[in-house]
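Just so you know, the protein sequences line up as chains Y and A, in that order. As numbered in our numbering, residues 28 to 314 make up the first sequence, in order. As numbered in our numbering, residues 63 to 429 make up the second sequence, in order.
Some hints could be false.
As the list claims (entries may be wrong) - Label-pair distances were calculated between CB atoms; the ranges are:
1) Y:212 x A:248: 46 to 54 Å
2) A:129 x Y:213: 40 to 48 Å
3) Y:184 x A:359: 28 to 36 Å
4) A:125 x Y:199: 13 to 21 Å
5) Y:216 x A:162: 46 to 54 Å
6) A:381 x Y:199: 23 to 31 Å
Just so you know, these hints were derived from the structure itself, not from any lab. The beta-carbon is built from N, C-alpha and C at its ideal position, and this holds for glycine as well.
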Amino acid sequence: MLLLMKVKTAMLAGALAAPVVAAALAPSPTHGLGGAIRLASTSFTYRAAGDFSRGGRPVEGPLRELRLPAGLLVMKRQVTVAEYGRCVDEGACPRVAVPSGTQNVPVVGVSWHDASAYAAWISHKTGVTYRLPTDEEWTFAAAEKARDEALPLIDPADPAQAWIARYEAESSRERPLATTPQPSGTFGTNSRGLEDLAGNVWEWTDSCFVRTSLDEKKETVTNVNCGVRVVEGAHRTYMTDFIRDPKSGGCAQGVPPTNLGFRLVVEPSRSAITSTVRSIAKLLRHT
Amino acid sequence: MGAALAALMMTAPALAGAADDLKLPREHVDLVAPPFVHPHEQATKAGPKIVEFKLTVQEKEVVIDDAGTKMWAMTYNGSMPGPMMVVHEGDYVELTLVNPETNTMPHNIDLHAATGGLGGGALTHVNPGEQTVLRFKATRPGVFIYHCAPEGMIPWHVVSGMHGTLMVLPRDGLKDGAGKPLHYDKVFYIGENDLYVPKDENGKYKTYDSVGESYSDTMDVMRKLIPTHEVFEGRVGALTGKNALTAKVGETVLIVHSEANRDTRPHLIGGHGDYVWETGKFNNPPERDLETWFVRGGSAGAALYTFREPGVYAYVNHNLIEAVELGATAHIKVEGKWDEDLMKQISPPGPIPPAKIGAADPVAVTR
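Only chain A is shown next, with the shape it has when bound in the complex (with noise of 0.2 Å):
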């Protein structure tokens, strides 16, 4: 960010009051924590609006797995990932960004959907007790991360949580690649975390009494680039167990995918991709029934799914490894009638059958 720009922005103070220039409707969203969105069309008949979004900067200790293992976040709205803001095509965005002055630290945010200004980061530099308001204008229909971006502790802000997702959706709702409309029953918002927690030198986690106090040991774990967590919603287990998410057979789901900070691969154990728009973006044509899809460190891409079978579905980060040893595991159950047309159990685990009569090794005898 240059000096100038830092000037400006310090001595024009953020109003509180809209701005009324563009003479269009307007629209305040409450928003909701993930893995949940705020309620939304899909498709919209209705011309541009302006959208009006709040999130609230938190730091604070939370817990990120069984063991009780601590650490301190940084978040947009209390959780890791922040919330999902989801608009249309040529809406403007209009967000208030809050640091109270409960806080520590300076914060702001880059919108990877917004143009110019750092998206945004150049303009939201915001101090303990201050607010920003800053609009922009969603001009390209797709899934984007948003995130902290303050100078020279970028990544520390990310991966302590201050990332989430902004969706912009084509006016006339999401296609297949010959123009025909798809739509989902709900949306899963899987915002996955790279975790970095410094342990002492009997190999425990350790615990910091602030933010700030767990900064240098954090930074020493991240230049490695092995997180000792990689979860999904800030912890292990947030979506498994009590937690798991839930749908019925013939609902199609649309599971957004994000990762602000590195490369990822989500992969619906005994389910597919009907659609998956890989790279998030709905111009471009969604790739038909893929069995596992790459999501970019800094992006999010999103999944179309109608569930055809009951049971308990495993949505994993298919770096297995990183999926059950360090948490990026979900789980959903889905309700509905079994079909035996799509599987059926022949033969349940049993005792080898003798290959032959009279044939005394059936091991010999495969061979």
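The following block holds chain Y by itself, in its conformation from the complex (with noise of 0.2 Å):
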């Protein structure tokens, strides 16, 4: 999992300087996302995403020290009903349940599906790649917004310790008091100068629910199901990447994250990366 994210990232090692890039980003008149801001790659903690075992007994996910491979250019805020409505519009995305009236606020009751295909019209639209942060991209970009949930050291011999203190935790979890989408900001900036992160819309990653087994010197990954995807927000969890709208019930507890949505970050291209030298040639000769 590291590893493909890695090689991920690694495609972003491109990322070019910060000005010209957002630049070309700046909010056009007919498409584009406004708003993406260029964050420099610092080290941050990560507690890895997934499930962890040792010895056949579950256990956290490691926490790690991790920097990104090169700066990141992500969405001030998340993609709105606006936004989203226009690529509906043009029968790229499929149509979701909007309520009336309420065009600047973030689109909610999406699913990865959804929000994979909006990533691929706005990049078709406007030339530069856009896609879904990795985990590791959104808890970077997060900051002090992105909960570590580690539970505390239990005994492994006696799985029932471990299953109600999970279940303790996901019970004490606070409801946010408004559980319709509210205008982008409503939740605050982060210290990164992200708008609304872990406020009531929790938004979509790209990673996969991966398994681990952890040994002495060695990490295997065991499995990777890319049926269910990270979701991250005010608590992280894993998500079927069909669902729209979540729930708990049944055997589990805890609270749903209120709302699905997301929020892009750019994967620059060969195109963008022409048209970057363009503009930048362009600045030359204007200097």
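Bring the two chains, given one by one in their own frames, into a single complex with the hints.
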């Protein structure tokens, strides 16, 4: 998984000088996403996502110091109803239930497939490659808004202890007071200048659910299930990719994500690079 | 209810003073809200007595799920279902029913444990600002529903919360089919509600300024017979998360499950019913080792279970759509030591090993 991530983020390594790319992403009147922010790569603490076991017993995911290979260009806010609506109008995104008269709030009730369809469409429209962030990228961007919910160490010989502890941790989560999506900025800005992280909209990431067994020195990914993706927000969870309206119930407990939405990151494609080079050339000519 | 009977009731004012024609000892019991039950003896050597209870009707707006959906409830003592009353066979129940003048509607009570007078419904019709006292003899041991039964509006009052349970224990306690005494350490009183909340043209749940204004729309939803919420103790999540029930390994619980209106089928995920009075009547021998039991709408059932393994148990209406989508789920957190003899994870989830060395395709081999 980590390896996969590295390959992916390595593709980002070509991320270009911030002001230029940001300029290339300035909102255009017809389409294109406004308010992208470039974050310089710094090291951050990351709790690996997925299920981890040691000696056949479940354990917390390891805590790691990571550094993205390059800076991250990420949307300041979540994709809005208006933005998603244009993709629907062009037949490239599935229509989702949207309350009338709410254009400039985050689009919610979207599945991973819907979000991915939007990323593909906006990439095609703009020539800039957008995609969902990996869980590592989201955690980096969210900074202090990312919540690490490690559970206390518990006697590994008794599965019920860990089970009850998890149940209690999940039960203690607060529910957001407002359940309907709120205008951008309602839930504040984090230290990196991004809005509404960990508000009442959880965000799809591109990271697949992985099962990993840890040994003394070795870490073995035993299963990767890309039918389930990591979802981030006020808490981290894992969601089947076609779910639009998350819920808890039955044997599970805890607060499900109130809403599912998304924000995108930019992966510089060849054409973006080319156009940026052209912009640089243009700038140079002007100066 | 006959007009003559109604007239009789109206002309005979409810006396505040207790009748002493029986010359029996009296006990006053303060009721507690579900899922708990007031302290009581499981078996008694004492003779019959008069047990005094008081139920006060409260009409009020309540929240029934985590999305904040509201409905106008009609309740006995403020909870839906109303509190459980416990007596022994041969005792007399002396029930004071109060309808405070802050309410808007007449109410009464029909107790399935009582004999005659429409279960008491014919004699307990109280308008706002009135109260009445009814005495009846508990002649049959079992768990029984009580509910409001005002003429013309019975189902609406019932599905708005006006129902509860009366438990009549055999004087010498519960027994298995062979006469061996059975005991419980605690009672879980699960009252299941089928709720019918109207929606507006946009599919959003409607709210109303008063219980009366909610009547017509609610009836329209009720007549389609599909509840919008099927819950325990009046709301989704009333018995999960921070509100989960608790027990210990080795403890025996008596789970009393009532549904005043609609059929349900309780199931304890990861456990069983050691002894189950499916129809809830203790003169019948309990069934053993049940997986799921059926509680007919308009009745209560009782199941005795001793927890053997710690963990989180889900207690559900095993129409799982109703449990998971509509809310009929409770959780029980059970502390104790894990018994590997009963269950052990031999191999945690992991890769499927190759079937045989040299077998290129394990799928092909198993086929």
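Item to check | Non-conforming hints, listed in increasing numerical order | outcome: 2, 3
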